[in-house]
Every structure is written in C-alpha cells, then in structure tokens.
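Based on the sequences and whatever the hints tell you, model everything.
Protein chains: 2
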Amino acid sequence: MKSVIISIGDELLIGQTINTNAAWLGQRLTNLGIKVVEIYTISDDYDAIHHALFEAEKTADLIIITGGLGPTKDDITKKALAEYFETELVLNEEALENVRRIFAEKKHPLLDVNVKQAEVLANSEVLINELGTAPGMWIEKDNKYFIALPGVPHEMKNLFDKKVELKIKNRLPLPFRYQRIIHTIGIGESALAEKLYSWETRLRNDGLLLAYLPSPGIVKLRISIEGDSDSNISELKDIVEKYVSELQEIIPNYIFGYDNDTIESKIGELLQKNQATLATAESCTGGNLAHKITSVAGSSKYYKGTVVSYANEVKTQVLGVDINDLKEHGAVSQQVVEQMAKGVKNLLKTDFAIATSGIAGPDGGTAEKPVGTVWIAAASKDKVMSKKFRFSTDRMLNIELASIMGMEMLRRLILNL
Amino acid sequence: MKSVIISIGDELLIGQTINTNAAWLGQRLTNLGIKVVEIYTISDDYDAIHHALFEAEKTADLIIITGGLGPTKDDITKKALAEYFETELVLNEEALENVRRIFAEKKHPLLDVNVKQAEVLANSEVLINELGTAPGMWIEKDNKYFIALPGVPHEMKNLFDKKVELKIKNRLPLPFRYQRIIHTIGIGESALAEKLYSWETRLRNDGLLLAYLPSPGIVKLRISIEGDSDSNISELKDIVEKYVSELQEIIPNYIFGYDNDTIESKIGELLQKNQATLATAESCTGGNLAHKITSVAGSSKYYKGTVVSYANEVKTQVLGVDINDLKEHGAVSQQVVEQMAKGVKNLLKTDFAIATSGIAGPDGGTAEKPVGTVWIAAASKDKVMSKKFRFSTDRMLNIELASIMGMEMLRRLILNL
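One line per chain: the protein sequences are A and B, in this order.
Residue numbering for the first sequence follows the numbering used here, beginning at 1 and increasing consecutively.
Residue numbering for the second sequence follows the numbering used here, beginning at 418 and increasing consecutively.
These are computed hints drawn from the structure, not numbers from a lab.
All C-beta atoms, glycine included, are put in the ideal place defined by N, C-alpha and C.
Mixed in with the good hints, there may be bad ones.
[Unchecked claim] Cβ-Cβ distance ranges computed for the label pairs, FRET-style:
1. A:Asp-230 to B:Ser-607: 55 to 61 Å
2. A:Glu-194 to B:His-571: 24 to 30 Å
3. A:Pro-252 to B:Glu-474: 48 to 54 Å
Structure, rendered in structure tokens:
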C-alpha cells in the first residue's frame, strides 16, 4: 500500500511555514503500514494541483491532500479538485450547519464567503471538521483513495484521528503490521548499532524490520513485522515481543520508554508513582527544561517550578550558591551546579531537583571550557549526582541536549541506575 | 527565475524528521527573487531521484538537492546523480583533506567508507563543507543549475550562506529585487488588511508586491519590488521606502521591528539601550518565555532569570504573592499576576519584569475562566501594566501566544505606548 502526500500552500514554498503536517501524516501512515513514497509541496494553483494529482495517482493507492481549503483560497483548490474528478461543487447541509455553529460561538456574522466553505465535491464523502469551517473530503476513484484535509494543523490532526484513520482501516486493504518503538537515551546511533549487532542480525533473519530513528540525545528503535491475511497474527506479535524482551537484557539502562513515551512524560510518570515533586534550576538551558516538563498536560501535579539564574547574583542570592565557590570554580562547575540543584530543592520545597549550568554559545567559551561544556546535576533528599557534558557548537542544540540529559539524570537518580 | 527543491531522505517521508531545510531554503531563495515552484520530498532511491530531477528540470532553472550525501547513504544518491548527468565519481583532494582534518580533530580513525565521502561528480564544482565530511556540488547543464547539499541542517545552511548564495548571485540572471519586512504584533491579519486597504491599493497600483505572513501573535508584511537591468534601482528602492514610511504613520503602535528583528531580539535591544535588566515570573508559560528570551545570543547581558511558579506555594513563598489574594481571586487573576511581576522584580533585583498566569489547557478550564484565559503583567520601577487575554483551546499555542504577548507588553511599557 503506497501513499503520496500533497501539501498545498504558497506559505510552505516561501518557507513562511514549516511543513509539519506532512511529517505528522508520514508518521501516522507509516504506523498503519502504508509506505509514504513521496511528498509534493505545491502552489495553490490549477496546473500544479492537476499535475501533482496525476503524478501521485501513477504510483500511489492513497493520496492525501492538505491545505488550500481555507475561506480565502477555496475557490482554486476545490475547483481544481472538482475539475480533476470531473464533478461539481455542491452545498453540504451538515457542513453548513457546522460553519453556522462556529460563527455563532464566535459571535461573528456569517458572510457569503463563509457559506462557500460548506461546498464540497459532489463525488465525495464529507468529513465534518469540528474545529474549523473547512470540511474534509473522502473520494474513491478507480480503486484509488483521495482524502482532502484542511491545512490548519490542529484541524487536520483532529480530523485524521477522529475520522480518517478508522475509515482507512475499514476501507483499505492494509497489510497486517505489528510494531514496537523502543526509546533509548545516552547512547549514539553507531555505538548502539555495535552493541546490537548480533541481535539485529538474528532479527533481520527472522524477517523483521528494524529502523534507527535518531533525534538530539535520543535514538528510537522501531521493530516491525508485516504479514498478510494468511499469517498467524499472534505468532507474529510474539516474535516482535521476543526481540523487545531480549533488548531489555542487552541494553537495560539505555531504554527509558516504549511507543508513545517521551522522556518528559516518563519522568512525570516516575514522579507521580513516587508521589514526589520536582523543581529545576537552569542557567544555560534558560527555561527550556521547564518548558519541556510543562509541555506535558497535568505536569502541575508534580512540577513546582524553575528558577532560571542567568545572572550570578541570582545563583547566590536566590539559590544560595556559595559566592566563594562561584569565584573559585566559575558558574560552569560541579560545585555550582550541585549547589543550584540543592538550593532550588530547598527553595521550592520539592523532593527532587535538576540543575544545569553551561556555555550554550556562540560566545563565552574558553580553552578550558569551550562552547558546549555543560554541568548537570540531579538531587534527591539525600543524594546529588552531577556530570560534565561536552555537547556541540550550536546554541539551540546545546540547550536542547542539556534539557534532555537533565531529565535523563533525574530518571537515573529516581531508578537508582 | 524558477526553482525546485528536492529533499532526499526516508526519515522525512516517515515523519521522523520535519523538513526544516526546505522551509529555510524557500525563504532564502524567495529573498533572492527566485520563485520556489515545488518541493519534492523523496526516498534515497535511484528511480525516485532520477524521476524528480527529470520533472524538476522541466519547470525550474535552479534545482537544489539536499540530503543523501552522508557516509551510510552516499552510494545511492551520488551514484544516482552521476548516472543522471552521465558522468562519474572522482576523488577530490581538497574534500579529502577536509575529511582528514575533521577526523583528526575528533581523533577518530579514518576508514575507507569515510574516504568515499570525498568523492564528487566529475562534472561538478566542489563546495567544501567546513562543518562536515560531505561536500556540496555545483553542476551546470544546458543553462540549468543543480546544487547538491548535505542534509544536516547546520552544514547545509553554513554552506549556502558561505558559498552558494554568492555563486547564485554571480552566475544566475537574477531579477533586481528590493524588499523590506515589517513586523507587526497584536493585530490579526484581517483587521490589519482592513486598516491598510487604501495604502495597499495604491502600493499594488505602483507595481509593488505585498505579502501578509502570519504566525502566532505576529503578522509580517513583506513589501517587494522587482526590476530588470534597465531599471533605475535607487528609484525602485525609494518607492518601497516611501510605503514603509507611510506604514509607520498608519499603524505606528503595531510595528515592533523590521527585516531580521524578532520580538525577543527587539526587547533585548530596548533593554540594552536603557541599560536595564529583566526578570520573568511564569506560571502558564512554564519557562517558554525565558527560553525565547535566552534564545538570543548575548541575552545574559540584560536577562537575569525567571521563576516558574507552577505551584501556588511558590507564588506565595518565593514571589511574595498575598495568600489571601490567591484564595479570593485565584491564580489566574489580575491581582496575582501583578504581584508575581513585582515579586520577581524585587527578588532578582531587576528594572523590569514580565509575569504570566493562565490556563494553558487541555484541563483546568472553568465556565468563568475557560482554557486559553491568560493574565499577563509587565512591571517597571514605578508602574505595572496588566491585561487579560483569551487565546485558544490548544495548549502549545496558548503557551506560545502568552510568551509573545508578554514580551509585547514589556515593549509597550518601555516605550510608553
């Protein structure tokens, strides 16, 4: 089962908007066992739309189109689609009702241009978009499936999750597919591949697929297996789970989670399980660590807050770092980062704390402490762990890596690893 | 002058990596007056590469290819390119020297596979990549220009900035193009368009181009003009500048910056100009405000830190918020957010402070204070401004909007707007 994603929008071509929709859809389709063979990003223009549809249809069974359905642009994209499918646009009552509801809630008057939002292709099944005025459309033609979705990310995602995914599962001849994702941290892709060499060889010989998915600080392993209607499904699952279990024995300390886990959700889980609270003290991460922790819904249950101490006097006066240690060892030192962790734990009265102090760059590096040098500490009631890292020369990457490794140090402290 | 970007990499198709390279290149090319007509994201595979090049060549004069040049993948992409251009791969001495230097610096042994990194198309001009082992290549064929760049974002960007841009300017028949970008904040796209109606009509009648580029909280206006070799260049510039000046009179308070400014760099500038310092107290923004402020290199000169007070006791004990006000009005209230701003200003001994308190969602909303309700305050030595906002139902969007509007309130406070 092959798929092509067509992203429509000039804002994508001029780089005003980063195409996050295509990546999100790529993940979802891959997880369904559908291979995304190409992504076309094109202009909201007749010829471009027709050419992309024509090309996509040659290789793919499923074509997902996002964007171009908004109130200012619907003329072109919907008309171009209608022409391509040799059909017409008709007003859909249910979609109009949805548009009316949204305008009533916002207390905005309904204009003619807004009514046009409820027009859909006559040959389509309408996918009502609860979060916006542009409905999605599902079109079948010559055993090919076309799905047009709005371009606003949260509308597109909601529509896919609530309506499209199930329809795909019901209508399309998907292969049976079972996969697990194993999240590792603190080990690079090549070092990991070396450790897993013989395991990976056996896995591949058993017909399983393995992908290494690296991102800053983290490498995910995706193990999957595909079968058809004749396959013994529970047998296939068992094979995958056997390799997952083996992995737990080969690299137990590097695995922090599975499937939809993230390091921030994982430390949240661990803290809640221990009925414990957390505070952070950040220098070089400048609030990014707090931002990541609080991006988890419900984090207010265990996270009390952070003190970002960009200035040295905040380190001494608010966090209680010894001014002599600061002078003698510098802000980027084991002594200071450990005192920051203990200081914020006392100040915010929590069970655990994480602290970071480093040189994010681009300036501020010295021969002894070059850009990318970061000290990180994690503290509990009776213990402080600290470690020096040497990340990169890129400011934003250093901030991200220090945030992630700070959470990892807390995980290790809580689990006594 | 038309361009197509070809992004190569399975990680882009499965959504493991978001295609930020294409957006970045789209911006750069647009700024050079080159129209990006399409972005193809394809697999690292012979047929896909050949087909994409063939299609791109039909419409574009300039084809930029990123990715697929890494050590584990170079076999396919470089070979596919060599075949397409009917040429061969040859070892380039300068590129090899660069590979050797990088391995020596990292103290890693040089393997055969790494030497292959220095192979380039025989028909190409080599673009040495100082930050990585994969060189870029510049190929000219039948008045078409092909540029192959590595996929690692900081390597690609560095190579484009240091070598590719100048070469494009020297070799390609670019139109003369002059543009200014005006950054507005605190006014939506449609309200802005309404205010600018007659100005925009005159501007378009004068042959200028205008684009509205919206992002959360901010709308950029891009005014541009194009000419050819016969044009009177300084006259064209003057026309654009005249419209920019007029804009300053029509919407003076909504404009916060020009061209490469950001709201975070702008408040940094204002603070430095006033030799003033800043602290923040964040509840619902959870560190994102601090993260944005500290993403500016050199922000340690004026930014002292943040206290993220996710817990109420941090608000009272650390920031000195009155416990009775907290009980009576709740954490998301004018009383509390103003006390948070004053409290952190005193605690960190700064001249200015910003504070946020709101309900980011998805939970925690009530009928009176639904998700998206955010109080923001900005404080100076003798003044506190505060305002209630009602953003959206999306947690991450609320965090982003509250961070941006917090900085905007500080800007207004400093400038007395």
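- Enumerated hints in conflict with the structure, sorted upward: none
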